[in-house]
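Residue-level listing of the chains:
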Amino acid sequence: MIRVAKRKQPLRYQGAVATFSAVAIALVVGCVIFAALGVNPLTAYTAMGKGVLSSVDAFSEVLVKATPLIFTGLAVATAATMMLWNIGAEGQLVWGGIFAAGTALFLFPGLDGWLLIPLVLAASALGGVVWSLIPALLRAKLRVNEILTTLLLNYVAIIYMEHLFYGPWRDPAGYGFPGTAQIPEAAQLVRFAGTRISIGFPLALLCAVFLYYLLKKSIWGYQVQVIGKEQRAAHYAGFNVTGKILTVMALSGAFAGLAGMTEVCGIHYRLQTGLAVGYGYDGIIVAWLAGLNPLAVPFAAILLGALFVGGEQLQSVLGLPSSISLILEGALLFGLFAGQTLARYTLTFSSRSEVPS
Amino acid sequence: MSDPVISLRGLSKRFGPVWANREVDLDLFPGRVHALLGENGAGKSTLMSILAGRYGADKGTLMMHGQEVTFSSPAKALDHGIGMVYQRFMLIESMSVADNLALTVGKKYGRRGVDYEIRQTAEQYGLAVDPEKRIFELSMGERQRVEIIKLLMLDAEVLIFDEPTSVLTPPEVDALFVIIDRLRGEGKTIVLITHKLEEVLKLADDISIMRKGRLIISEPIDARQMSRQQLARLMVGRDVVLRVDKKEVALGETVLALDGFSGDSPSGGPSFNEVTFEIRKGEIFSIIGVAGNGQTGLVSAIAGLSRAGAGTITFDGTSYTAREWAMASAAEIAYVPEDRYQSGSIGSMSIAENFGLTRLQAYRSGLAGLLLDREKMAADGRRAIGEHNIKVESSEASAGSLSGGNLQKVILARELTRKAKLFIAEQPTQGLDISATEDIWQALLECREKAGVLLVTGDLKEVLSLSDRIGVIFNGRILEIIDAHDSDRVDRVGLLMAGVRS
Numbered sequence: 001m002i003r004v005a006k007r008k009q010p011l012r013y014q015g016a017v018a019t020f021s022a023v024a025i026a027l028v029v030g031c032v033i034f035a036a037l038g039v040n041p042l043t044a045y046t047a048m049g050k051g052v053l054s055s056v057d058a059f060s061e062v063l064v065k066a067t068p069l070i071f072t073g074l075a076v077a078t079a080a081t082m083m084l085w086n087i088g089a090e091g092q093l094v095w096g097g098i099f100a101a102g103t104a105l106f107l108f109p110g111l112d113g114w115l116l117i118p119l120v121l122a123a124s125a126l127g128g129v130v131w132s133l134i135p136a137l138l139r140a141k142l143r144v145n146e147i148l149t150t151l152l153l154n155y156v157a158i159i160y161m162e163h164l165f166y167g168p169w170r171d172p173a174g175y176g177f178p179g180t181a182q183i184p185e186a187a188q189l190v191r192f193a194g195t196r197i198s199i200g201f202p203l204a205l206l207c208a209v210f211l212y213y214l215l216k217k218s219i220w221g222y223q224v225q226v227i228g229k230e231q232r233a234a235h236y237a238g239f240n241v242t243g244k245i246l247t248v249m250a251l252s253g254a255f256a257g258l259a260g261m262t263e264v265c266g267i268h269y270r271l272q273t274g275l276a277v278g279y280g281y282d283g284i285i286v287a288w289l290a291g292l293n294p295l296a297v298p299f300a301a302i303l304l305g306a307l308f309v310g311g312e313q314l315q316s317v318l319g320l321p322s323s324i325s326l327i328l329e330g331a332l333l334f335g336l337f338a339g340q341t342l343a344r345y346t347l348t349f350s351s352r353s354e355v356p357s
Numbered sequence: 001m002s003d004p005v006i007s008l009r010g011l012s013k014r015f016g017p018v019w020a021n022r023e024v025d026l027d028l029f030p031g032r033v034h035a036l037l038g039e040n041g042a043g044k045s046t047l048m049s050i051l052a053g054r055y056g057a058d059k060g061t062l063m064m065h066g067q068e069v070t071f072s073s074p075a076k077a078l079d080h081g082i083g084m085v086y087q088r089f090m091l092i093e094s095m096s097v098a099d100n101l102a103l104t105v106g107k108k109y110g111r112r113g114v115d116y117e118i119r120q121t122a123e124q125y126g127l128a129v130d131p132e133k134r135i136f137e138l139s140m141g142e143r144q145r146v147e148i149i150k151l152l153m154l155d156a157e158v159l160i161f162d163e164p165t166s167v168l169t170p171p172e173v174d175a176l177f178v179i180i181d182r183l184r185g186e187g188k189t190i191v192l193i194t195h196k197l198e199e200v201l202k203l204a205d206d207i208s209i210m211r212k213g214r215l216i217i218s219e220p221i222d223a224r225q226m227s228r229q230q231l232a233r234l235m236v237g238r239d240v241v242l243r244v245d246k247k248e249v250a251l252g253e254t255v256l257a258l259d260g261f262s263g264d265s266p267s268g269g270p271s272f273n274e275v276t277f278e279i280r281k282g283e284i285f286s287i288i289g290v291a292g293n294g295q296t297g298l299v300s301a302i303a304g305l306s307r308a309g310a311g312t313i314t315f316d317g318t319s320y321t322a323r324e325w326a327m328a329s330a331a332e333i334a335y336v337p338e339d340r341y342q343s344g345s346i347g348s349m350s351i352a353e354n355f356g357l358t359r360l361q362a363y364r365s366g367l368a369g370l371l372l373d374r375e376k377m378a379a380d381g382r383r384a385i386g387e388h389n390i391k392v393e394s395s396e397a398s399a400g401s402l403s404g405g406n407l408q409k410v411i412l413a414r415e416l417t418r419k420a421k422l423f424i425a426e427q428p429t430q431g432l433d434i435s436a437t438e439d440i441w442q443a444l445l446e447c448r449e450k451a452g453v454l455l456v457t458g459d460l461k462e463v464l465s466l467s468d469r470i471g472v473i474f475n476g477r478i479l480e481i482i483d484a485h486d487s488d489r490v491d492r493v494g495l496l497m498a499g500v501r502s
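Protein chains in written order, with the numbering used here: chain A, 1 to 357; chain B, 1 to 502.
Hints should not be assumed to be uniformly reliable.
Quick list of in silico lysine-lysine cross-link-like pairs, DSSO-like style, CA-CA up to 30 Å [said to hold, decoys possible]: (1) B:K391 <-> A:K229; (2) A:K244 <-> B:K376; (3) A:K244 <-> B:K419; (4) A:K141 <-> A:K50; (5) B:K76 <-> B:K59; (6) B:K391 <-> A:K216; (7) A:K216 <-> B:K376; (8) A:K217 <-> B:K376; (9) A:K229 <-> B:K376; (10) B:K419 <-> A:K229; (11) B:K450 <-> B:K461.
To be clear, the hints were calculated from the coordinates, so they are not data collected in a lab.
Please construct the entire structure, taking both the sequences and the accompanying hints into account.
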């Protein structure tokens, strides 16, 4: 008899198995879809690959997309290390954007760049923190499920942002277009020559390294990992779980807030529609694709960024809907969970391995 | 006596390396209540789960009315008329009694017929229950009755009760006994899994006692000719005391004193009442009792992990109320918890990292003490591996890869390095082999030279080998505190564990 049993020891390279199977499954699903659309999958994948790698320009767009994804990926990974689900990176990103734009446009419009940029950075992080602390407090004090609160608060954040740029913050000289005025040049992030890559990208990489060392080398990080792995052990050790929920969610929100800042100050230069395009949700996939390892987050973000840029190529070259990349993204996530599940179980071919209940 | 309904012959069941049941022969007769006694982990539940179709046996045969049968699932066992009332009821709380029963017996009677049958069955066996009520509105006793009705509606001949009184209030227990008596009168075969002697003496016709997977009394014996004392002795066994190298240690100051300490178990388990004792440096004070007599909640409160309801606690010369103690519990107490896998260690972390669990303060370094000194952690891990003879290549191996004994040594080593004044060890050798057990015993004996040791266990042999003084806990109360050198009184520990005072 074939029996599926849980592994006593997790597979050694569980993360790698999961990531590999995720990519493999996504590729296979893609083949099916392309074939169904009457396109040779090989042609399609070649087009995607060319679109991403054919020029410096094309690849730079991948990094542009990867920048917010790294931040939101880190946001989700931070919370998930403690088994908290922050589905609200989207809303925290929006608040980061609002705080960044507000600081640059209304609080300190006249400051020099060297002073204004750090202020905008801090403000955007604070925006994310404020928004993430609402679900964090509800979870810590009243045990309200953070999955629901973080998710639902996204819609509140987006609607409030729209209220701002349709209403009080609308550019008076904008011919009625929805959006704030352009932020002062001093608040615009420096870009690398000829591309749209801003210093937000290296900042994101720095944050990944920072989070890695924070989790590995600090007392706080150790406690967070213990709580994430085994609540009962944390209770036995006397760790302050409530406090950690707050600090972890705050850090998570700060990362997401910074994503909003890099979008507002690095790409759009204003608050407008197009800020909330789902990077917060994509961050969930990035984080799990990276196996919650902060150092792997940038690579997962670049992979996903390439998928998006490649998907756009499908549209312009082959006339296929660019939303195919969304399907591939979904397939990645399913593949990931399939891989993780597979890695946790083993198949045995007898009936002797029953586990006592 | 008539022919047996059920005969088990040479039944064996293994979980991994452990034999839960070994060569068990058992006969069950109609119209009789058969009590199956034994300590926790003796293999009672496993044996009955095999009978009820939850597990398959590895060896041996199961005969019903002389015919060999095998059950691949509980449903198959039920088809043959064998049903079990589990400790955790298998009912859907948001649905009514009738709907719940319709789920299992609806096919037989049709949804309409179910209501009628419930009333019929309830009346026949005196099982008062309102079919329209939803499960969550019912008391535990009523829920249990629903389970019994379920089995009867399926024409069960053999009804197995797994610790049926553990969730009931005393009046509900009496009501259950009346029901069981009635079932017996109707010719049903009843199996009662229990470790409570009064129940056995009140109800049972036949008794089997299990110890370590074996039936130590392999033929049913007539309950009416046995006294509580005899039963208690048979159940606990007369274990040989292993000679351990126990040095004389001079008693030092009082480390811990409890006075009228009372409270509930954190997870809603049995409470403890008016517990009073003291522990001095240089001694091992043991609390022994059958599992589920309040010791879990007591230890948790002493360790400061949960708050006791009343009483005072004096630690290292300072007195605290129950409330103050829960707040002040940063006090240095070393504690080896019962659950070494989920509480005492983290399987996916390395041995070195597991040292951080309770010793984090010692590993603070750099940047205002915010950083973790991994070097020192690894050094402690390596030293523990050497000193305690832990079989593993390096301190970077994951704790989950260790055997139970080696893992327990890691936890013990970690707690010893805290150099606390009070050392609590809870079921420290449960499930360990002899050599690991001896190593841990030796470490506890050495530990008492520097600290007061509180040993909480259900293992009589362990208590007799290590203790200086023994407190027997029963029903949340310390019945007696006995000096380990007083051999006359020590003989009574087993009886006291079973609640026998005189």
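Do the hints match the structure? See the list:
no.	hint	result
1	B:K391 <-> A:K229	holds (25 Å)
2	A:K244 <-> B:K376	holds (24 Å)
3	A:K244 <-> B:K419	holds (28 Å)
4	A:K141 <-> A:K50	violated (52 Å)
5	B:K76 <-> B:K59	holds (19 Å)
6	B:K391 <-> A:K216	holds (27 Å)
7	A:K216 <-> B:K376	holds (15 Å)
8	A:K217 <-> B:K376	holds (13 Å)
9	A:K229 <-> B:K376	holds (22 Å)
10	B:K419 <-> A:K229	holds (27 Å)
11	B:K450 <-> B:K461	holds (24 Å)
Comparing the model with each earlier hint shows a violation of hint 4 alone; every other hint is respected.
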